[in-house]
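There are 2 protein chains.
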Amino acid sequence: MIQKYLYGVPFDTESVVAPIPASQGEPPVGTVKTSESGFCFACPLAEGDRVYGLGEATRGINKRGFVYVSDNVDDGLHTENKQRMYAAHNFIVISGQQNLGLFFDYPARIRFDIGFTRRDWLEVTCERADLALYVITGDSACDVVKQFRAIIGRSYIPPKFAFGFGQSRYGYKTQADFEEVVAKHRQAHIPLDMVYMDIDYMDHYKDFTVNPENFPDFSGFVSKMKEQGVRLVPIVDAGVKEEAGYSVCDEGKEKGYFCKRADGTDFEGTVWPGWSHFPDVLNPEARAWFGSQYKALTDCGIEGFWNDMNEPAIFYSREGLAERLDHPPVPHEDGTIDQFGQAIGWLNLSNAPEDYARFYHKVDGKMVRHDQVHNLYGYNMTRAASEGLASIAPGKRFLLFSRSSCIGMHRYGGVWTGDNHSWWSHLLLNLKMLPSLNMCGFLYVGADLGGFNADTSRDLLLRWLALGVFTPLMRNHSGCDTRRQEFYQFEGPEDFRSVIETRYRLIPYLYSEYMKAALNGDMLFKPLAFVYPEDEIALQTEDQLMLGNEVMIAPVYTQNATGRMVYLPEEMLFVKFGPEGRITQEVLPAGTHFVKVALNEVPLFIRKGACIPVADPAQTVADIDPATIRMIGWPGASYDRYDDDGVTIPAE
Amino acid sequence: MIQKYLYGVPFDTESVVAPIPASQGEPPVGTVKTSESGFCFACPLAEGDRVYGLGEATRGINKRGFVYVSDNVDDGLHTENKQRMYAAHNFIVISGQQNLGLFFDYPARIRFDIGFTRRDWLEVTCERADLALYVITGDSACDVVKQFRAIIGRSYIPPKFAFGFGQSRYGYKTQADFEEVVAKHRQAHIPLDMVYMDIDYMDHYKDFTVNPENFPDFSGFVSKMKEQGVRLVPIVDAGVKEEAGYSVCDEGKEKGYFCKRADGTDFEGTVWPGWSHFPDVLNPEARAWFGSQYKALTDCGIEGFWNDMNEPAIFYSREGLAERLDHPPVPHEDGTIDQFGQAIGWLNLSNAPEDYARFYHKVDGKMVRHDQVHNLYGYNMTRAASEGLASIAPGKRFLLFSRSSCIGMHRYGGVWTGDNHSWWSHLLLNLKMLPSLNMCGFLYVGADLGGFNADTSRDLLLRWLALGVFTPLMRNHSGCDTRRQEFYQFEGPEDFRSVIETRYRLIPYLYSEYMKAALNGDMLFKPLAFVYPEDEIALQTEDQLMLGNEVMIAPVYTQNATGRMVYLPEEMLFVKFGPEGRITQEVLPAGTHFVKVALNEVPLFIRKGACIPVADPAQTVADIDPATIRMIGWPGASYDRYDDDGVTIPAE
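The listed protein sequences correspond, in order, to chains A and B.
So in UniProt numbering, spot 157 of the first sequence is number 157, and the numbers just go up one at a time.
So in UniProt numbering, spot 59 of the second sequence is number 59, and the numbers just go up one at a time.
Taking lysine to aspartate or glutamate pairs in the EDC-like style, the calculated list, with each CA pair at most 20 angstroms apart, reads:
no. : chain 1 : residue 1 : chain 2 : residue 2
1   : B       : 33        : B       : 123
2   : A       : 260       : A       : 285
3   : A       : 82        : B       : 481
4   : A       : 362       : A       : 387
5   : A       : 432       : B       : 80
6   : B       : 596       : A       : 534
7   : A       : 596       : B       : 534
8   : A       : 516       : A       : 652
9   : A       : 596       : B       : 47
10  : B       : 596       : A       : 535
11  : A       : 295       : A       : 251
12  : B       : 260       : B       : 319
13  : B       : 596       : A       : 536
14  : A       : 596       : B       : 536
15  : B       : 82        : A       : 75
16  : A       : 82        : A       : 123
17  : B       : 82        : A       : 80
18  : A       : 596       : B       : 535
19  : B       : 226       : B       : 180
20  : B       : 82        : A       : 481
21  : A       : 82        : B       : 80
22  : A       : 576       : A       : 616
23  : B       : 596       : A       : 47
A few chain A residues that face chain B, going by a derived Cβ cut-off under 7 angstroms, partial list only:
no. : residue
24  : 62
25  : 64
26  : 81
27  : 116
28  : 425
29  : 454
30  : 537
31  : 540
32  : 560
33  : 592
These aren't lab readings, by the way, just hints derived from the structure by calculation.
Ideal Cβ placement from N, Cα and C applies to all residues, glycine included.
Extracted from the complex, chain A is given alone in its bound form (with noise of 0.2 angstroms):
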């Protein structure tokens, strides 16, 4: 059952699409406060009490111990005490002796103290008590987790090229860069769909542009590489530069679509480009007007974009570096720490509140401030190219996703988890956020497998793809001052063709499952916890998860080890993907098992009774030929595969 309570005047964040009638009075748990001084939800958490969600965040699955913030920030150190990412995903499930689901619709900074003040309590807070709270009891953490997501609409669907492989790095210049990628995985046959474009591709980092002597021919070179199966998918950011003659500028200026200063004028923050405005999505007008820019690429032959720095992110503001610049620091003769920390201080500009403050959007004729709806500007970013991109070709699937997001672009375009490391914790942070990110809307998800910042190496980047290798969004991204980490960059290419190869050889499965997941509502990825809640391992285990409705991934993630400990809450299949296409079969009991997993294998493990289609591996996912297909599992399992040709999107 859904109850919708609503506090003051909530804005309309559209992150849920079905009409549900307010209830009246109090919510069945907790207690509510409001006053002129915020919100504040408040409920006991019970000994054994779990809580899942928060979609993109850090730390565990189980949430509980530690405060969480929705405040959508561009922060690339995801480190265990970092409070906010770049998604703003306010639903919660209590699970324990009840299960309890919780959404907070707010479009602002909202601050989720989960039983860290104390452990016995729950608190959720914000500035304004302006929302709406939706309540939902079920019989169970996943029938909580389903009726949610009847009410925030369908996942993106994106097109079946998007499961295949992606190779991406922040330096990849010219035409040539692509085409040694793209020749390189041809030469050592390991497949590859994707090569993503990060922001050199553009001419001065101007938004719909391409750098015209890196790429004389971009329409050519796209139709080139879509002959070797490859689709380049271009970044775009939030940010359009000012330049006066840069088309989108003008447009957005003339046009009045830019976020504009409290006197009228267009704010400019510094990002990529230099100085830049920032585009009203949350204005339909103007989202319309950003959407239908997507066409410049589209009509060169594009297919896939990914949408970035839109939290927005901002280095500094016309007026934020005025005010620093109007004290610079003068350090003291004596040369005391204070004076130190106020150097520091000076330059602390970036992604500031107060540059939030300055400017504002246009919705339904009023003007409202940047910071009261700071979470929705990544989603909007990411409907506009949604809704641009339905009327620019409708009916077809582009392959879309996101850094920023909050719930409700969901519905538009899946998201990456940002600027990661390469460490093997997060590793199994990628594992952990899966089933969050699912129970929030998100299914087209990964993470930047081998790590964006820092130095990955040759078995971090392994162990990483083999998980990689169950998560939709498999893409390999690296930031440009990391040691290189495409394939070739190491020894043995032959390992990463075998670990690569066992994702096409997955896909069959993989698809299925993803289609039914957002077609019925259903997470890809479950907690254990969600499926054997009786089970006291079960329901601590954080290291491995279900995938679909037939098999359990436990990936080994840490360095120097020949496999790991997997704990087995039933008796299931042990499968192991191996070089040359070696396939190996163990039934292991129930309880705990070290497993051997060498770095060129891929495990899994299917449940009991059950089996999942494996075809024979491809170059690419349009060359995965069905007659191959066969199924692998229990005697006597059958499996009903769901496919389609992978362009037209489902009716609802």
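Got chain A sorted already, so can you dock chain B onto it with the hints?
Just chain B, lined up with the frame of chain A:
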């Protein structure tokens, strides 16, 4: 067997104390290249080789797969990608088909590429080919370590009270602050032996002074605390404040005991006190002088110290600041990122290599540029303290540990592992460093329990304390801008009592094993791989340790867990110490088990046929009643307990 190879003209680090004649020719393993451009030792690594050692370092117990750099640095963000920390512990053991020890006796920056660039290749490089290389072959990893320990001299032995629990926080300022800490522990009947004094106890951060307003009668206060069974343990920083009339500064300048610029003037850098001088602790005269300054505090009854900021940390030098201030950043009108990058770079002054090349030590009448002996500074500052204290109170055991260190310093004091974070991953990192530190001679070691930086949580602190129960240095320490983390800031003091009382119950065993390790040159903590080298699972178990000869530890290190998986290489007795003296015992067969461990319990495992001495709890180490000691363990087992009065240093 130990062989020593000399290259160039090595600086005498005094890391090794045993006279080893130099061998001629090439080392028995690997290849050495020396040239104008430096030194390189390289050798292949076989597939199954593990590489142990490097003491204080990030990542795993098996160091293979990463690059480590010995180049001591004050960096409080210990993420997985950090290659260097506060210490230089250049000893590694390659263990596999053979067991081979390598010690690179070199006082400056040296880099260990341990199968990172290529998995099958070890490469150790440094800038100058002036060093001694020790190659040790042995029957086992333990044997190699024991041989190494024998040549570097006996490890520091602290007084017995140092095995108690200590409370600390950066931010305690006044006598009342310290009294509150002691009173609240005593009121709650939580054992306490030490309270640490961070920099605020000093008068304007001047070494060997005490703020006269906050401590009008410091000696009286020290003895008052001691009457309550508590030692105050003040911090001493490396930098000596520049201030006319401050005797330590005046005397150091007058006698030429501070590090000097090339032109002979005293070098100045900024640290907490503002402009400061750095005692030339590599000059024996200056070292003796600096060591003698500790008398100002021992005269007040102080019996323990922690030496800090002795990498040495330098926020900026006069020269460094002047160079930058001559070129202040002028952001361009177009605000492009390059200029912003420069602006950030402008402040990147701390711990700058340029500064370490600006000052000199006086050694044997010669001027030695600091950067060429950088890693010896913390070592010799602590040696100064140790030698000073030995001359102030001959034969007396003082508590002494340091942040920065180098092999050699293990004879003079212990280490704490610096400014960690309140991260669950740092609990595990704490565990992983223990055997590595032991290999390098450091036995009196510990981490800031609960985490120094960032906000802790009650469960993180309790779980971390349950590891800290076993570390010789057991201290709860936190940064000044973090959540308060004394036990009494949280609900349920009885849980903290239970865990800390367990420490005191185990001191008869812990002290005995510490003394055996110190007196016999053994490790107190060993990786499971050292004890069960034929067991493939034990070889890669990095979240459990062997403690002494009788015990295996396996702390819980994840949030919201009611227990953990434990691997038993052999049948063991599973013992849990719970509240109110409850001890449970259960024989577990070899294999993997999920063991339940509550937040107020401390688990350990007793090896088959062994037993350990356990006492009744006490409020201080001195109050432990030997009459209450009884054996816990396997029937018929006996334990040979080492005990002494804890005051006089045992004969070497």
